[in-house]
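Work the whole structure out from these sequences, hints included.
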Amino acid sequence: NRLGLCCDPQEPAPRHEAWKSDVAALIEIWEPIGAEKAQEPSDWRLPLDYVDASDPSERLAEKLARKVRALLAPQSGECVEDGGALRPVEPGDILVLVRKRGPLFEAIIRALKNEHVPVAGADRLNLADHIAVHDLVALGRAALLPQDDLTLAGVLKSPFFGFDDDDLIALAPGRRASLIEALEQSEDARCREAAARLRRLRRDAGAMAPFDFYSSALGTDGGRAQLMARLGGEAEDAIDEFLKLAASFEREQPPSLTAFLAMAESLDLSIKRDMESAGGAVRVMTAHAAKGLEAKIVFLPDTCGASAGKHDPKLYALGEADDAALLWSIGKDSDPIALDQAREAHRRGEREESQRLLYVALTRAEERLYICGAHGVSGRADGCWYDAIRDALEPNCEIVPDPLDATSTILRRGAVPQRFDLARRALRTDAVDIPAFARAKARPEVAPAPPLRPSSALAGADLIAIGADGVAARQGEAERLLHGRLVHALLQHLPACAPDHRQSAARRFLAARGGFLDEDRREALAQSALAVLADPRLAPLFGPDSTPEVDIVATLENGAVVAGRIDRLAETATEALIAEFKTGRPRAKLEDAHLRQLALYRAAIAPLFPGKRIRCFLIYTQNASVLEADESALADALACALT
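Just so you know, we're using the working numbering here: the sequence shown kicks off at 602 and counts up by one.
Keep in mind the hints are simulated off the structure, nothing from the lab. The structure presented is a predicted model; accordingly, all values stated were derived computationally and were not measured. Cβ coordinates follow ideal geometry from the N, Cα and C atoms, glycine included. Fair warning: there could be bad hints in the mix.
[What the hints assert, rightly or not] Across the chosen pairs, the derived CB separations fall in these ranges:
#, residue 1, residue 2, range
1, G807, L1083, 25 to 35 Å
2, I732, C998, 38 to 48 Å
3, R949, L868, 50 to 60 Å
[Unchecked claim] Below, simulated DSS-like cross-link-like pairs (lysine-lysine); rule was C-alpha separation at most 27 Å, straight line:
#, residue 1, residue 2
4, K668, K892
5, K897, K915
6, K664, K897
7, K758, K845
8, K915, K701
9, K701, K897
10, K701, K714
11, K701, K892
12, K933, K897
13, K664, K892
14, K915, K714
15, K897, K668
16, K701, K664
This is how it looks when you write it as structure tokens:
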């Protein structure tokens, strides 16, 4: 059948001849696997996507996987030609082609993994839709914010914890606090174990980069095994690609778990693999994607479906011109002749494309081609690939027993190469001895120490003291903190304005962001910020060579890691200046916690400014007071922080 393969159907059909006529080749046509009478599942609790083991696609996938395993068995003697010599069949020699990704595609990958056959996985993987990725993202969200009850409840029901609805109903209703607090206060052993695991995850989320966090959760914590036990072996591909995504994110962005999860949830994470470099694994892919590829052994299991779409479109163009008229089809009985002709042209085009795709699929095989298929209760579709292949090859085939099914036969044409000499598989006599360390059990990996965060040195330094008039004190302090934040924002943005325009810009900003304040208070805040900008000691900090909000991650000489954000950083010819803005109650002198914070920042950036003096300032935004840290005090504070 040359439909779709010739430019002019009236011309003689092109003659196809084998380029290597002296090489042993084999074609096998298996009996298609049909469905028995459909029966509704009796158990209403089964999921909507439940697939019965007797489903034809499942049975075909299992049979194909058993055949692949037999070809790869060490004692099978199966071989292929490679460079004029014979060698054993390897997983990379096998290519499975389907017409489209669907249940059969997934069943084949699943069956191959169940037979422990190395398989490259799907040629295209949509991570955004995979349930394993949803569980991993939710795990990260729960580790960052366990007070989110809905996310935490979803994670508890995921494979990582294995809770069910009854467990949550026993835990959640009637609680007086958040779900995480109810979990920690529960006397149930599973709840206590889950709470302890969540505490570890919270610790790791704050101390580890995204890749390290998920590597620990999937490895040390057993998350990978839990996901695969619940979701099956096909989850492994999604897990591996998710880890690769985390590693690539760290190469391009700061290693923040929050930023990584935001990226993972916002992107279309559809990954196309290069199946040509799949290595020593069986490849499963669509025939369309296999253009340009070849393999020693090819399986075509998706051959019983319709060669064209099941439904005709409703809209047709009358001709191929760009401005051709468009007609809507009401029904074949009511359509005019022109629309009938357009419908027939569309169907012919689809049949031609199907034939071209079949030609691509058949010509991917170098030595062996296995034709098989599965169909529903209604049988094979008219004009399907299976019928086209069988009609063409059956007259020249012999009928032989099916080694995988005693009740069936197969059509075979050609012969396999001579059996590979099993003696040649023996181990080389000059093999080296395996050193003892290769058999030694690896020592447990030690988790890295969490980085020093200078801002955490302030724990307790700016707490609000509450006495008998606690409510009034809190309200007054809240107002001062709010005023301080407004001044902080002014100090961040005003340096970008020309000095002559700063006062008007400050007033406009405070009118927009602090409109709830009276005009006198807004003017006082503007003058406080402008006074800091006018301080000659701080001129470089707000000049053109200064930078606001500088994120840093640095390793100190003793190996300690420092991570944080400097509010303002500037460099001059002889100095580097650091400024930290504080919205808390102003102090007359620098406290120990503030000194430790500035000392850690100073030590972190010191390698960036060799030979330059590094000065550190603390600016209270409530009253725009400025304190400069003494260098000897900073040295003492650093020693204290590192011990």
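Tested hints:
For G807 and L1083, the Cβ-Cβ distance of about 27 Å falls inside the hinted range of 25 to 35 Å, so the restraint holds. The hinted range of 38 to 48 Å is satisfied by I732 and C998, whose Cβ atoms lie roughly 44 Å apart. Taking the beta carbon of each, R949 and L868 are about 40 Å apart, not inside 50 to 60 Å as hinted. This hinted pair checks out: K668 and K892 have alpha carbons roughly 25 Å apart, not beyond 27 Å.
About 43 Å separates the Cα atoms of K897 and K915, which puts this hinted pair outside 27 Å; it is violated. For the given pair, K664 sits about 20 Å from K897 by alpha-carbon distance, which is consistent with the 27 Å threshold. For the proposed pair K758 and K845, the alpha carbon gap of about 26 Å is at most 27 Å, so the pair holds. This hinted pair checks out: K915 and K701 have alpha carbons roughly 23 Å apart, not beyond 27 Å.
This hinted pair checks out: K701 and K897 have alpha carbons roughly 22 Å apart, not beyond 27 Å. For the suggested pair K701 and K714, the alpha carbons sit about 20 Å apart, so the restraint of at most 27 Å is met. Our distance criterion of 27 Å between C-alpha atoms is met by K701 and K892, whose separation comes to about 14 Å. With a C-alpha separation of about 47 Å, the suggested pair K933 and K897 falls outside the 27 Å cut-off, and the hint is violated.
For the hint linking K664 to K892, the alpha-carbon distance of about 26 Å falls within 27 Å, and the restraint holds. In summary, the hint linking K915 to K714 is not supported, as the alpha carbons are separated by about 42 Å, beyond the 27 Å threshold. Of the pairs offered as hints, the one joining K897 and K668 holds, with about 15 Å between alpha carbons and a cut-off of 27 Å not exceeded. For the suggested pair K701 and K664, the alpha carbons sit about 20 Å apart, so the restraint of at most 27 Å is met.
In this structure, the hints that do not hold are numbers 3, 5, 12 and 14, in rising order.
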